[in-house]
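Put chain Z on the given structure of chain P with help from the hints.
Protein chains: 2
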Amino acid sequence: MAAALSTDPTDLREETQLSAQQSAVARMSRAARLLLNAEHLPPHARTLLNRMCLPVTALWCRVLRFDPSAPDWPDRDRFVVPSTTMLPLLRAMLRLTGPATEAALPLEYGRHPAVEVAPGLAGQGVAAAVGMAFAEQTLARRFGRSLVNHRTWVLAQDTDLATGVAMEAAQLAGRFGLDRLAVLVTPPAGPDNGDFADSLTRFSASGWTVRKVDAGNAAAISSALAATLRARKPTLIACLPSAPGHALAEPHLPPEEELTGPWSPTARRGATTRRSWLRRFARHRLRTAFEREIQGQRPALFEEDWHRACHWQMQSAEGHATQDAGLAGLRALSELLPELVCLTAASAYRLDLAAPVALPATQQARARLLPAEQSCGIQDHGMAGMLNGIALHGGLLPCCAASMMTVDRMRSALRMAALMRRKVLYLLTGDGLALGDGGGGWQPVEQLASLRAMPHLAVFRPCDVRETTACWDAALNWQGGPAMLLLCPYENQHGPLPAPAFGTPSRGGYVVKQEEMRQVTLIASGPEVAIALKASHHLARQDIRATVVSIPCWELFAEQPASYRKTVLGASGLRVGIEAASGFGWERWLGEEGVFVGMDDFGTSAPANALYERFGITVEAICEKVRAHLLTSGAERGSSLRTPDQPRTRVRGPLTTRP
Amino acid sequence: MAAALSTDPTDLREETQLSAQQSAVARMSRAARLLLNAEHLPPHARTLLNRMCLPVTALWCRVLRFDPSAPDWPDRDRFVVPSTTMLPLLRAMLRLTGPATEAALPLEYGRHPAVEVAPGLAGQGVAAAVGMAFAEQTLARRFGRSLVNHRTWVLAQDTDLATGVAMEAAQLAGRFGLDRLAVLVTPPAGPDNGDFADSLTRFSASGWTVRKVDAGNAAAISSALAATLRARKPTLIACLPSAPGHALAEPHLPPEEELTGPWSPTARRGATTRRSWLRRFARHRLRTAFEREIQGQRPALFEEDWHRACHWQMQSAEGHATQDAGLAGLRALSELLPELVCLTAASAYRLDLAAPVALPATQQARARLLPAEQSCGIQDHGMAGMLNGIALHGGLLPCCAASMMTVDRMRSALRMAALMRRKVLYLLTGDGLALGDGGGGWQPVEQLASLRAMPHLAVFRPCDVRETTACWDAALNWQGGPAMLLLCPYENQHGPLPAPAFGTPSRGGYVVKQEEMRQVTLIASGPEVAIALKASHHLARQDIRATVVSIPCWELFAEQPASYRKTVLGASGLRVGIEAASGFGWERWLGEEGVFVGMDDFGTSAPANALYERFGITVEAICEKVRAHLLTSGAERGSSLRTPDQPRTRVRGPLTTRP
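These protein sequences, in sequence, are chains P and Z.
Mapping to the UniProt record's numbering: the first sequence position 496 is 496, numbers consecutive.
Mapping to the UniProt record's numbering: the second sequence position 402 is 402, numbers consecutive.
Among the hints, erroneous ones may be present.
In silico BS3-like pairs for lysine-lysine, Cα to Cα no more than 25 Å straight-line [what the hints assert, rightly or not]:
1) P:566 / P:534
2) Z:566 / P:625
3) Z:534 / Z:566
4) P:534 / P:625
5) Z:625 / P:566
6) P:233 / P:212
Residues from chain Z that keep clear of chain P, each with C-beta distances beyond 10 Å, as calculated [stated by the list, open to error]:
7) 62
8) 91
9) 119
10) 229
11) 281
12) 290
13) 307
14) 316
15) 346
16) 409
17) 456
18) 506
19) 538
Hints were generated in silico from the structure; no laboratory data involved.
Bear in mind that the values here come from a model prediction, so they are computed numbers and not experimental data.
Even for Gly, the Cβ is constructed at its ideal location relative to N, Cα and C.
Next up, chain P with everything else stripped away, as it sits in the complex (with noise of 0.2 Å):
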């Protein structure tokens, strides 16, 4: 599997042979070397860095498609550094390739061209090369390797490699065979025992071709970079130090300046790859479609368009739920957007309520969702990385469905997708009081909080098929970050809501049901807000008028102006929160006197419905609690029932956490 390493006196033949073309990595890794030297830096970090000095440079010298002068070409390689430690690498690769000009900017993702990605926690880097690899070969096959035929390289730490989600991504490279990805990685800088090895095998086991070479022999790193260019599948590079007689084999050429800047080997290369690539892509047949999804930008059209098939695939979905219909949507999408990439987690198949246990991966092959959709099995974390890869790669939309309890695994990437703002569609199903047989590890509770929570996220819970549209619509317009879906495989309880009484979906918030002069409003979301519906017209046979509001995406309803919230939420009256969830974070709109109708703890193993009346989350329930309050906060005033819809006379009262 891993090419011997050359420690052979013999090879020094070879390397004399080879010495015009490396003459120019040897100076330029010195240089390079140099320029590291000048920083500051902790002492295992410079080991690090010296180590990987001459195989960096010789990837950036004669492989790396790269054009210093356009750093955001879309058919460069992808040199991805997801740690900070790695960083002054690039930037010496950066100073000794480009202008000046681009040398001098930070190097931070959004701020430098050439920064692929922000560093996070470990292994996330790793995940996101994968995506972007895999968004190559998606590409690659819609426009030919004319326009679309470059590779993704990552500078990894050993600790990258040790996390469940490279580990996860591994899997996938190694299912999707990604050959044209590969990871150069070197020992830890300190004693070693073992874990070292233990990840190349580990590699080696998910289908990645794994080379050990020695970081510091020229001959060996330049065969193992033109095998990586010949490899059928995933490449690990593993740049092991050198032995120490090797470490002093590299030629002691001066610095020389003519190699640096717009004259060095990676610059001369880069230009003349990129002006014969601008040549093909002038006369290409896809030019026009593939400038559009590059720039990210919608088919003329698209919105009739969308709407048609929208429609048309939710009046053939099977079923009522807002899963079925969200599902319809993402069809509908994919007919129209070829730019669309579809991964799907197993979880996300446990749509089968009758079945006391999830469906196997046997029987997925029935349950897919859209033709073109690639599984991910049960790599939910690799996955959610992965996905942040293909956004991060452009050209692509990258959407994907999972299991709303999966979100927790998924968190750690998904927040790099936000913090990156970079547009991923989530797909979440099984959300609500839903599966009742696995006990309470497959109940979301506080998931809704949580999500709600970060920041640049847009988190709808649709409540039927009509909000379900208008939210796919909300998300596919929501800007700078990404979007979820979640998606209850329930009917809904009320049958289809009647049309909005007063404001949109589309606006975040609006009004389901009013009632004049209202007394109570009812404020729910998803599968809650039929609960809603129905205890409102409970409370009109006794005489309360309660107006249902439903939230499905609290991002858009904060947007809205003040006037537009306080119209739907109401100037006074009692509030009323419902869902199935925790009510962290619901004091936002039910103020200090509102009343939650929630969970409070996990749930456990019970049909839906029982599991709603366990936590009280019923019509009656609601009903009796808005007849103690209002008697209460009547008793209070001494009237039997307060003025609607005027300000009133309030003495702040004890402050109400989670009723």
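Below, chain Z without anything else, positioned relative to chain P:
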């Protein structure tokens, strides 16, 4: 590595020889199969359960240390079934071995004593089992093999092994040499494209012994189980589907009634083993300590000793940051509680703020928190899963130190601890706008809200050394769930805070600085309390009376009587929340007209003080907001300054969201 499959017909002779011992296994397996076939199961589950029937019966009949009459005996073998799919096999075993009363209990965690873990996402049960084996190893070192001499068996699914958390936990099991851990697994029921074989190789690369056996061959299973008992490494037993001929080799014996219930081989062997254990236990010199720890009780005079040790350790702590104080508390605790087990993640050591990068593994030795800590490297998620297992095992108090940022990775394991109501202590370092260089990926924003939303979890965010001690106290006394201390590596900007003016930190929230006739209440937590105090001094110079409140623990504060909360937060006046985190959920304390000063975006790369300024979490910004708000609300009512601490007529204003 793997035992050869005995498909050789010459084995039949050996089988006849062994049949005296194995006829019981064969008969019980047949009885179990009848029970399984009587259940309503989806087809793939039926295939898997039938395949695992013989291996599991062999384990229960001949190896498992389990007394059905005392299923919670501390020295029992742990038989972990982490998925609902495999539970019917456990139910069959319990039916065949135990008394009828036990068999009638629902097979759920917390309701049936033989259920060791609640089902959840794939892989979490494997990680918990690693923790149980770790707990056994730790307890055996203290109490010797005469008291602690059991094993942990896991009945896993193929999907469990492919998850990141299982692979991380597998690495940890290999690193800690948990030779008393064995995982039984079988390939998926449908076609498998090599993923299962890859999983085996990955486990083998993580320091496990992997044995492949024919699931229908009793002799092969028997020898694999015997080899497992002698193993020096954790073992994975892959039970492969039988060759068609072999499946029939099982002797067709009728199920016999005398093999079930208390007369079963398991019950007889278990009762004998437990009786002799009880005899050894009765005269063991560490009997009292063992009993105390298994029951989770504190040693006598713990309170006084703890305060003394804590005081001493705090004094000898190097700095005055809460991180130093928190770790000093941990050292104090480790002196007093021999049952304390501390796992540390490499991320916990990101202490050195001067260094632009994380500390390398080699420098960790220098920074060790405790002499007895166990380093879990980069495998945070696997570590969190292990902590659950340690807590589930009993007899130990699991604790971990990790970086605040990695909590997203640990979240799905943390949730299981909260769901199962197990006490696990988390010390999270690097809280606050602390690590300026790593970019937004290393700065917590929404983590705090997402943790506070989780039921049964207590989150403590102390502001100084005194509060840290109180929070340690409260965390130790927190019942029925995990507790978490968020620790900041910075020195408190204000220096030592004054003594509480009203209330105590142990009640979750209290008044740090009281002003008579308060106009403003500044509510903060953690490092921001110092900023709030400075702001109150500034405001005092402008004749604005601002009381400062610290809420280190929302969960505890919410549990206090409403009158206490009202006195602390003030009956009226402007409330300002100050926290270097997302404001999600703060409306609970601020009310509708409150103002929140915090972060509405992810962090970025900058020194910490620059970040405080960038996000406007400064004394000046707070004072400016307070003045502006007081002026506006004053103008509204036609007077320049409102009468403080008096209920006032108030028009419900526009809803403020994240101002």
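How the hints compare with the structure:
| no. | hint | result |
| --- | --- | --- |
| 1 | P:566 / P:534 | holds (23 Å) |
| 2 | Z:566 / P:625 | holds (23 Å) |
| 3 | Z:534 / Z:566 | holds (23 Å) |
| 4 | P:534 / P:625 | holds (15 Å) |
| 5 | Z:625 / P:566 | holds (23 Å) |
| 6 | P:233 / P:212 | holds (16 Å) |
| 7 | 62 | holds (29 Å) |
| 8 | 91 | holds (12 Å) |
| 9 | 119 | violated (5 Å) |
| 10 | 229 | holds (25 Å) |
| 11 | 281 | holds (33 Å) |
| 12 | 290 | holds (31 Å) |
| 13 | 307 | holds (31 Å) |
| 14 | 316 | holds (27 Å) |
| 15 | 346 | violated (7 Å) |
| 16 | 409 | violated (5 Å) |
| 17 | 456 | violated (8 Å) |
| 18 | 506 | holds (18 Å) |
| 19 | 538 | holds (27 Å) |
The structure is inconsistent with the numbered hints 9, 15, 16 and 17, although it conforms to all the rest.
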